[in-house]
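Please work from the sequences and hints to get the whole structure.
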Amino acid sequence: MAKRIGLFICWCGSNIGGVVDVPRVVEETKNYPGVAFATDYKYMCSEPGQNLIISKVKEHNLDRVVVASCTPMLHEPTFRKAIARAGLNPYMFDMANIREQCSWVHSNDKEAATQKAIALVKRALAKVSQVEPLFESSIPITKKALVVGAGIAGIQVALDIADSGHEVILLERESTIGGNMVKLDKTFPTMDCSACISTPKMVQAAQHPNITIMTYAELVDVQGYIGNFEITIKQKARYVDHTICTGCGLCTEKCPTKVLSSFELGMGKRKAIYIEFPQAVPNKPVIDPDNCRYLKNGKCGICKKLCPVGAVDFEQKDELIEEKVGAIVIATGYDLIKWEEIYGEYGYGRFKDVITGLQFERLVNASGPTNGLIQRPSDGKEPKTVVFIKCVGSRDEAKAKEYCSRACCMYTAKHAHQVIEKIEGGHAYIFYMDVRTPGKAYDEFYRRTVDEGAQYIRGRVSKIYQSGDKLVVMGADTLLGSAVHIEADLVVLATAMVPTEGSEKIAQLAGVNIDKDGFFIEAHPKLRPVETMTGGVFLAGACQGPKDIPDTVSQASGAAAKVAALLSNEEMATDPMICHIDEKMCSGCLVCKEVCPYKAISEKTITERIAGQPVERMVASVNTGLCQGCGNCTVACRAGAANLKGYTNLQLLSEVDALCR
Amino acid sequence: MESINVNESIVKNADFTEEIGIESGQPVQKCYQCGKCTAGCPLTFAMDYKPNQVIRMVQLGMKDELLKCQTIWICSNCSTCTTRCPCNVEVAEVMGALRIMAGKSGTTPPGKAKYVEVMYDALLGTVERFGRTYEVGLVMQNNLKSGKLFNNADMGMPMFQRGKLKLLPTKVQGAAEVARIFAEVRKMEGGVK
Numbered sequence: 001m002a003k004r005i006g007l008f009i010c011w012c013g014s015n016i017g018g019v020v021d022v023p024r025v026v027e028e029t030k031n032y033p034g035v036a037f038a039t040d041y042k043y044m045c046s047e048p049g050q051n052l053i054i055s056k057v058k059e060h061n062l063d064r065v066v067v068a069s070c071t072p073m074l075h076e077p078t079f080r081k082a083i084a085r086a087g088l089n090p091y092m093f094d095m096a097n098i099r100e101q102c103s104w105v106h107s108n109d110k111e112a113a114t115q116k117a118i119a120l121v122k123r124a125l126a127k128v129s130q131v132e133p134l135f136e137s138s139i140p141i142t143k144k145a146l147v148v149g150a151g152i153a154g155i156q157v158a159l160d161i162a163d164s165g166h167e168v169i170l171l172e173r174e175s176t177i178g179g180n181m182v183k184l185d186k187t188f189p190t191m192d193c194s195a196c197i198s199t200p201k202m203v204q205a206a207q208h209p210n211i212t213i214m215t216y217a218e219l220v221d222v223q224g225y226i227g228n229f230e231i232t233i234k235q236k237a238r239y240v241d242h243t244i245c246t247g248c249g250l251c252t253e254k255c256p257t258k259v260l261s262s263f264e265l266g267m268g269k270r271k272a273i274y275i276e277f278p279q280a281v282p283n284k285p286v287i288d289p290d291n292c293r294y295l296k297n298g299k300c301g302i303c304k305k306l307c308p309v310g311a312v313d314f315e316q317k318d319e320l321i322e323e324k325v326g327a328i329v330i331a332t333g334y335d336l337i338k339w340e341e342i343y344g345e346y347g348y349g350r351f352k353d354v355i356t357g358l359q360f361e362r363l364v365n366a367s368g369p370t371n372g373l374i375q376r377p378s379d380g381k382e383p384k385t386v387v388f389i390k391c392v393g394s395r396d397e398a399k400a401k402e403y404c405s406r407a408c409c410m411y412t413a414k415h416a417h418q419v420i421e422k423i424e425g426g427h428a429y430i431f432y433m434d435v436r437t438p439g440k441a442y443d444e445f446y447r448r449t450v451d452e453g454a455q456y457i458r459g460r461v462s463k464i465y466q467s468g469d470k471l472v473v474m475g476a477d478t479l480l481g482s483a484v485h486i487e488a489d490l491v492v493l494a495t496a497m498v499p500t501e502g503s504e505k506i507a508q509l510a511g512v513n514i515d516k517d518g519f520f521i522e523a524h525p526k527l528r529p530v531e532t533m534t535g536g537v538f539l540a541g542a543c544q545g546p547k548d549i550p551d552t553v554s555q556a557s558g559a560a561a562k563v564a565a566l567l568s569n570e571e572m573a574t575d576p577m578i579c580h581i582d583e584k585m586c587s588g589c590l591v592c593k594e595v596c597p598y599k600a601i602s603e604k605t606i607t608e609r610i611a612g613q614p615v616e617r618m619v620a621s622v623n624t625g626l627c628q629g630c631g632n633c634t635v636a637c638r639a640g641a642a643n644l645k646g647y648t649n650l651q652l653l654s655e656v657d658a659l660c661r
Numbered sequence: 662m663e664s665i666n667v668n669e670s671i672v673k674n675a676d677f678t679e680e681i682g683i684e685s686g687q688p689v690q691k692c693y694q695c696g697k698c699t700a701g702c703p704l705t706f707a708m709d710y711k712p713n714q715v716i717r718m719v720q721l722g723m724k725d726e727l728l729k730c731q732t733i734w735i736c737s738n739c740s741t742c743t744t745r746c747p748c749n750v751e752v753a754e755v756m757g758a759l760r761i762m763a764g765k766s767g768t769t770p771p772g773k774a775k776y777v778e779v780m781y782d783a784l785l786g787t788v789e790r791f792g793r794t795y796e797v798g799l800v801m802q803n804n805l806k807s808g809k810l811f812n813n814a815d816m817g818m819p820m821f822q823r824g825k826l827k828l829l830p831t832k833v834q835g836a837a838e839v840a841r842i843f844a845e846v847r848k849m850e851g852g853v854k
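Sequence order for the protein chains is A and B. According to my numbering, the stretch in the first sequence is residues 1 to 661, in order. According to my numbering, the stretch in the second sequence is residues 662 to 854, in order.
What the hints contain is simulated information worked out from the structure, not anything from laboratory work. A hint or two may mislead.
[What the hints assert, rightly or not] Simulated pairs of lysine-lysine, BS3-like, Cα-Cα distance not exceeding 25 angstroms:
1) A/K258 / A/K317
2) A/K399 / B/K691
3) A/K463 / B/K691
4) A/K516 / B/K691
5) B/K691 / A/K401
In structure tokens:
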């Protein structure tokens, strides 16, 4: 049957019509083989424009349509729906972009722009002559989500998904959930106590019937695809049976080994059998095998002897647990940059009284190692002069990271406020380059700190050195135009936020890309900020880029809404523009499998009859759920057996043919 | 300083800003004025403009002020600024480029800076003649030309006693080639000193 193409060329007001001679384009293309009807219209995407297409399809019995207008990114879905309403398969369609790729970029040469528009329309006509109907298929969905990382982002995601009625596994590699937020003292700009607002959320997560918390556990494998992931989790040996442990704390009290606590960021100590902090969830201990005397050399075991319920079990081994989930949310958070390895001018960490902002949080925290008294690490004295240095590792392309870490301006203002408030006769000096406070009630908070007497000095610090029991901080005041120095008792560095250690491995497992700094890349920075380019994998919190708590929580709820929407379906439609393997042509070399970034290609054995005899051979097979239609395999396939539906080799060549004519 | 007509300065001296960028090989536009160069510079006490101000003045095309300022001569090229700059701007290289431009333009360095120029000339003069430095000649020429006859004179005797000063100049083997380098450079630079 002869093809009956409908061609509709849009003026887009003067956007196209002001440059391209649209009636001439119609004139030059209406006799292209197969074109049964051609016209132009002011605004093809408008209601009357769409109705024009629908009525002409019916009137002229068209079987396929070309619209020449703007970018398909904008209106391809619009026009596909329109021709579907006219009774055609929505994929019997192609678009010529004569706005972004023609009129907008060639506005100074109208004749050439018109010639190019004609060529682009002919290309689309050539393509549409070769298209075939495509059909969306559907795959079932496992109604359960995995959240990797249980900081405030992960907890919020888990709670929101659980509240919408779906099951959630909340995975955390530390022995307690809570992440970095529970380490903080107060939170800006409202100064509410961080533990007071985050620990209730931790308890809520623990008690929620839809949430399964897995602490001291890591993600080790991810297979499958959107709606149908098969994950493997390694439960690290805790050496304490949490099903019978009552959390009485006798073991941690009597354990003779003390080591530096990572929860206290090296500012305090814990035992070898320990609970990270009093409000930990779960509030049951684990044994640190690197420091436990019994696990290291078989002596001691006092915890086991004392435990009233016999929960200590030195024979416990790591365990692999397999689960099925429909969606994965990555919420792995941040670490602070290892400034000690980079900044020689600040002492490479040799000076005990040069600490990070997070360490200052522990110092000023009522449940911290000093019970909230600000005492400097070297001699325990109360510092009177405290210097804060911003952008250590941030905005420093020479030594560390180019980006701004976003939260530091605000927490440094908070720290300065706390110094003035808590230390009698205390002075706070802040070296800054810019003060960035774009947030609700943020600038007001910063101004208040200045009013209270915090001294802001515009310049970077070039060197810190010890002089007696003081630290001399050499900086510049660029507003004054002079070098300046301060004799400080304590120096606090606002260090850059970097992706947490191990996030690269999570990215590999989940098949998600990371940027040059190691942060996870969202599908679109503005319009799809919580999704990734891998279907069914979402992002929340600082793993996607430095963030403060309000932004993290908002993004977490956004990711949860996306997951809830996905899991609310019994099954989901798949994009039909995916790879198809022609088994007759496939030689089974599986080069395609190597280049597939989505692990969508596997091998399968088929039986053929050759000369009347059944012969078994191997060919490539595409998992339609995993394939994202990137086309890598079609390029790699030497036999031309792999073809991307909607962009077949034949279709692409006919387009090239039309353009070269 | 009186008010500067910024756009006039930038437009008029765009070539200057570009040339300093090319000659120094430094991305001067990247500087965001954190002042870390000034904070670590051991010589700011003697400078009329601080290092971060010099970079700003290059960005703004303030050629006249820069070529007759003292800072570019006071800078001793220790490169502390260069190693600490977070924007990868080698400030010492920019100072060098400005010094060369000032030298070519024939501007007399003002104030204390002129002693630095006298010192440079005296030092390079001995290298040109003997292929290496000749300390006694250097000291004599420097002190005569600067008019500070007994400058550092107390150092003379101890250095002589330790064998650090030779009374007569010694020539290196390739002294003629060294002299030719000077001649070639002078030719390339169009005959300036």
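Hints versus structure:
Our distance criterion of 25 angstroms between C-alpha atoms is met by A/K258 and A/K317, whose separation comes to about 24 angstroms. Restraint check for A/K399 and B/K691: the C-alpha separation of about 15 angstroms stays at or below 25 angstroms, so the hint holds. For a cut-off of 25 angstroms, the pair hint linking A/K463 to B/K691 stands: about 22 angstroms separates their Cα positions. Between A/K516 and B/K691 the CA atoms are separated by roughly 20 angstroms; this keeps the pair inside 25 angstroms, and the hint holds.
A hinted pair counts as satisfied when its Cα atoms are at most 25 angstroms apart, and B/K691 with A/K401 qualifies at roughly 15 angstroms.
Checked against the numbered hints listed earlier, the structure breaks none of them; every hint is satisfied.
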